[in-house]
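Using the numbering used here, read the sequence shown as starting at 57 and increasing by one per residue.
Incorrect hints may have been included.
[What the hints assert, rightly or not] In the SDA-like style, the derived pairs of lysine to any residue whose C-alpha atoms are separated by at most 25 angstroms in a straight line are:
no.	residue 1	residue 2
1	Lys156	Thr174
2	Lys569	Asp491
3	Lys386	Asp464
4	Lys378	Ala288
5	Lys386	Arg374
6	Lys764	Tyr774
[What the hints assert, rightly or not] Ranges of calculated distance between the beta carbons of each label pair, as one might list FRET restraints:
no.	residue 1	residue 2	range
7	Thr127	Ala186	54 to 60 angstroms
8	Pro90	Gln745	28 to 34 angstroms
9	Asn178	Asp743	54 to 60 angstroms
10	Arg536	Gly444	21 to 27 angstroms
11	Arg218	Thr174	22 to 28 angstroms
12	Gly756	Arg476	36 to 42 angstroms
13	Ala186	Gly233	43 to 49 angstroms
Quick caveat, the hints were computed from the structure, so don't treat them as lab data.
A virtual CB, placed ideally from N, CA and C, is assigned to each residue, including glycine.
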Amino acid sequence: MAGREITYKKHTRSTNIIGALVIRENNLTMVTRPNGNIPVKNNFGYGLYYNDCRFLSGYYLKINGQRLTETLSSDQNNYESMTFLTNPDFNDRNGQYVNKETISVSRNVVIPGCVIETITVNNFNVFTVAIEMTIELAADFSDIFAVRGVAGGTEGRLMPLRYDGKILCLSYLGRDGHTRNTKVEFSPAPAAVDGGLCAFRFDLEPRSSQQIRIRIFVEDLPPGDRSQMPSAVSIQNLLGQIDRSYQEELDRTRNFQTDNSLFNRILLRSMLDLRMMHMSMGGRTFCAAGVPWYDTLFGRDSIISAIQVLPYRSDIARNTLKVLAHYQGKTHDDWRDEQPGRILHELRVGEKANLNEIPQTPYYGSVDATPLFLILMAEYVDWTGDTGLFNELLHNVEAALAWIDNSDLAGNGFLSYATRSRAGLFNQGWKDSWDAVMHADGSLARPPIAVAEAQGYVYMAKNRIATLFDLIDRKDDAGRLKREAGDLKKRFNEAFWMDDRGFFAMAVDARGKCEVISSNPARCLWSGIIDKKYAPHVAGRIFEPDMFTGWGIRTLSSKERRYNPLGYHIGTVWPHDNSLIANGLYRYGYQDKSTTLFTAMYEAASAYTQFRLPELFAGFDRGIHNVPVKYPVACSPQAWSSGTMPYMLSTSLGFRPDALHHRLTFANPYLPRWLNNVNIRDIRVGDSQVDLVFQQRISGTLVDVIEKRGDIRVMVEY
C-alpha cells in the first residue's frame with residue numbers, strides 16, 4: 057500500500073485560494089485573485105480551466121508598470137465578475153507625475169463558453185495622462201491533477217506564441233495527440249506584443265475614458281479536429297440562455313420564501329450556486345462536485361446534491377441517475393477499481409486521463425456511490441411517481457444490488473473496500489483522504505475497511521428498493537431485500553457499537569473496530585440503521601464540545617489522537633455532512649437538535665462572503681473565533697455544500713412525499729426560532745402542486761394548505 061501513487065500525496069499542491077473570484081458556466085471555469093488577475097507564476101490554483109486543463113496560468117494587468125489597488129470585487133452573478141481598481145502614484149509615459157486614486161479601472165468579465173472581458177479606464181485628473189496598460193498572458197496547459205500536485209506536470213510540447221495582428225495564440229500539443237489552444241482577441245489591437253506581454257498605449261484626456269475588450273477562446277482538439285471560433289451571434293445567444301436560466305432559478309427559489317430576509321438571501325445564494333455547478337453530458341444536466349478541484353462528475357457528490365434539492369426540482373435527480381447508469385461498471389478492471397454494477401467515483405477527460413496515466417476514466421473507487429444511487433432512485437420516485445425511469449433502469453438497479461452483495465470483502469457481512477488500483481484511493485468512503493480512517497492509537501485502518509455510514513446506506517437502499525419491487529409485483533425479491541436489511545441492521549448494531557465509549561465505531565477493518573469518535577456513525581441516523589435504544593446516545597454524544605464546535609459537527613473528535621482542526625477529514629466541519637446528520641436527527645424525533653445544526657449552518661453561512669457555504673471549514677471552537685475559520689483550499693462553491701441550506705429547510709418542514717399514492721405528509725414540522733413563517737408555492741409531488749404556509753406558534757408549527765392543484769392529499773403528523 058505504501059507505494060500507491062495518488063493516495064499518499066497531499067490533498068493539493070496549491071496553497072491558498074481564499075477570497076478568489078470564481079466564475080463558471082458548464083465546464084469552463086475562471087479563478088482569479090480579487091483584482092481579476094491570475095499571477096503568471098502561481099501555485100495557488102488560479103487559472104482558466106476547461107476539460108481538466110489550465111488554459112491560462114497567467115493573466116496580469118498593470119497600468120504604467122504598476123499594480124492597481126482593488127476597491128471592490130464581486131462574482132455574485134456566478135458567470136460574471138466585476139472588479140473596480142485605482143492607481144498608486146506613478147509617472148506616465150511622458151514622465152508626468154500622476155497622483156494615486158485619480159485613475160479608475162473597471163474589469164467586467166462574463167463567461168458564455170468563452171471569456172469576454174471589458175476593461176474601462178477613466179481619468180479623473182485635470183490633465184491628459186499618457187497611459188500604458190499591459191496584460192501579461194501565460195498558459196502552462198497543466199492537467200488539473202498536476203495543478204493539485206497529485207501527478208506530474210505537462211510533458212507535451214508548448215508551441216511558440218503566435219500573433220497575427222488580430223489573435224494571440226498560445227498552444228500546446230499534448231502527448232495524447234490533442235492540440236489545446238488559448239486564443240486571445242483584442243479590440244482595439246495592442247500597440248505592441250512581446251511574447252505574452254501585450255501593451256496598449258493611449259492618451260486619456262481629463263474626464264475621458266478608454267475601453268478595451270478582450271475575448272479568450274479555449275480549444276481542446278482531438279487529432280483531426282479543426283479549429284472553429286464561435287460567432288459573435290452564437291456567443292450573444294448563449295449569454296441570453298444563461299441569463300434566462302438564472303432567472304428561472306431565481307423564480308423557482310422565490311417559491312420558497314420566509315419572513316427572514318437574511319435566510320432568503322442565503323437560500324437564494326445556495327440555489328444560484330447549484331445552478332452554477334450545472335454540467336451537461338449527452339444533453340443531461342447534473343451537478344459537478346466543486347470548483348476548482350472537482351469540476352466534473354462525481355458519483356457520491358452528484359447524487360447527494362440531487363437528493364438535497366429534490367423538493368425544489370426533480371430534473372437534476374433524473375439526469376444524474378441516467379448519466380451514472382450510463383457509466384455503471386461493466387467489467388473487472390483493477391486499474392480503475394471497476395466491477396460490474398459499481399457506480400463511478402470520478403470521471404476525468406484531460407490529458408492524463410486520455411493517456412490512461414490516471415484511473416479516472418472513469419474511476420470507480422467509491423464504496424458508497426452504489427447504494428446512494430439506489431437511494432436517489434427511490435427518493436426520485438417518491439417525489440415524482442415516475443416509475444417509468446425505475447423500469448428503464450431496472451437492470452442498473454439489479455446490477456447495483458448485485459455489486460453490493462459481492463462486496464463483502466472481509467466475509468463479515470459488511471460492505472467494505474480495498475483498492476486494487478496501484479493509483480487508486482486508499483480510502484473509498486466520503487472521507488477518502490489517506491489518513492481519514494484510523495484506530496484510537498492513531499494507526500491507520502487497513503483494508504478491507506467497512507465504514508459505518510456505508511452500512512447504513514445499504515440498509516436504506518435495500519429497504520427503499522424493496523418498496524419499489526413490491527410495486528412491480530416482485531414480492532419475493534422485495535421480501536428478500538427487507539430481510540437482508542433487517543439482518544444487516546441487527547449485525548451492525550452488534551458489531552459497531554462500543555460499550556465503553558457509548559457510541560458507534562467509525563469503521564471495522566482487518567484488525568477490528570476503529571474505536572474513535574467521528575461523524576461517520578451520525579450519518580447512520582439518516583439511513584435509519586441505528587437501533588432506537590442507541591439513538592439517544594448518538595444524538596447526545598455528537599453535541600458534546602469535542603464534536604460540536606458551535607458552527608457544526610466535526611468530522612473527528614478533538615480528543616482523538618489524529619485530530620487536526622485543519623485536517624481535511626480529521627477535524628474540520630463539512631456543511632453537507634451536517635445536513636445529512638440534521639435530517640437523521642429529525643427522522644429519529646430529535647427536532648430540537650436538528651434545528652441546532654440548522655441554526656449553526658445558518659449562522660456560519662451568514663459569516664461568509666455572499667453567504668456561500670464552502671466545501672468545508674476549520675474545526676476550531678466557536679468560542680475562540682467569532683467567525684468560522686476558513687480552510688485555505690476549500691472548493692467554493694461546492695455542490696453539496698450549496699445543497700445544505702435547502703436540504704435543512706425541507707428537513708425542518710418534515711417533507712414526506714408519496715407521489716405514487718398522491719400524498720404529501722409533513723411529519724412534525726419544527727421551525728427554528730429565527731423563522732416564523734415559510735410560504736411555499738407550487739411544491740410539486742407527482743403531477744400535483746400545492747401552495748402552503750408554515751407558521752410558528754407557541755403550540756408548535758402550524759401548516760395551512762392555501763391551494764391544491766391535482767389529485768393529492770396533504771396530511772400533517774405531530
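Against the structure, the hints come out as follows:
Distance check on the hinted pair: Lys156 and Thr174 sit about 23 angstroms apart at the alpha-carbon level, within 25 angstroms; holds. Among the hinted pairs, Lys569 with Asp491 is consistent with the structure: their alpha-carbon atoms are about 16 angstroms apart, no more than 25 angstroms. A hinted pair counts as satisfied when its Cα atoms are at most 25 angstroms apart, and Lys386 with Asp464 qualifies at roughly 19 angstroms. With a CA separation close to 34 angstroms, the supplied pair Lys378 and Ala288 exceeds the 25 angstroms bound.
Taken as a hint, the Lys386 and Arg374 pair is honoured in the structure, with Cα atoms around 21 angstroms apart against an allowance of 25 angstroms. A C-alpha spacing of about 21 angstroms is found between Lys764 and Tyr774, which places the hinted pair at or below 25 angstroms, so the restraint holds. Judged by the Cβ atoms, the range 54 to 60 angstroms given for Thr127 and Ala186 is violated: they are separated by roughly 23 angstroms. About 43 angstroms separates the C-beta atoms of Pro90 and Gln745, a value inconsistent with the hinted range of 28 to 34 angstroms.
Distance hint check: the CB atoms of Asn178 and Asp743 are about 56 angstroms apart, consistent with the given range 54 to 60 angstroms. A hinted range of 21 to 27 angstroms for the beta carbons of Arg536 and Gly444 is consistent with their spacing of about 24 angstroms. Between Arg218 and Thr174 the beta carbon distance is about 25 angstroms. The supplied range of 22 to 28 angstroms therefore holds. Checked against the given bound of 36 to 42 angstroms, the beta carbons of Gly756 and Arg476, roughly 53 angstroms apart, lie outside it.
The hinted window of 43 to 49 angstroms between Ala186 and Gly233 holds, with their beta carbons roughly 48 angstroms apart.
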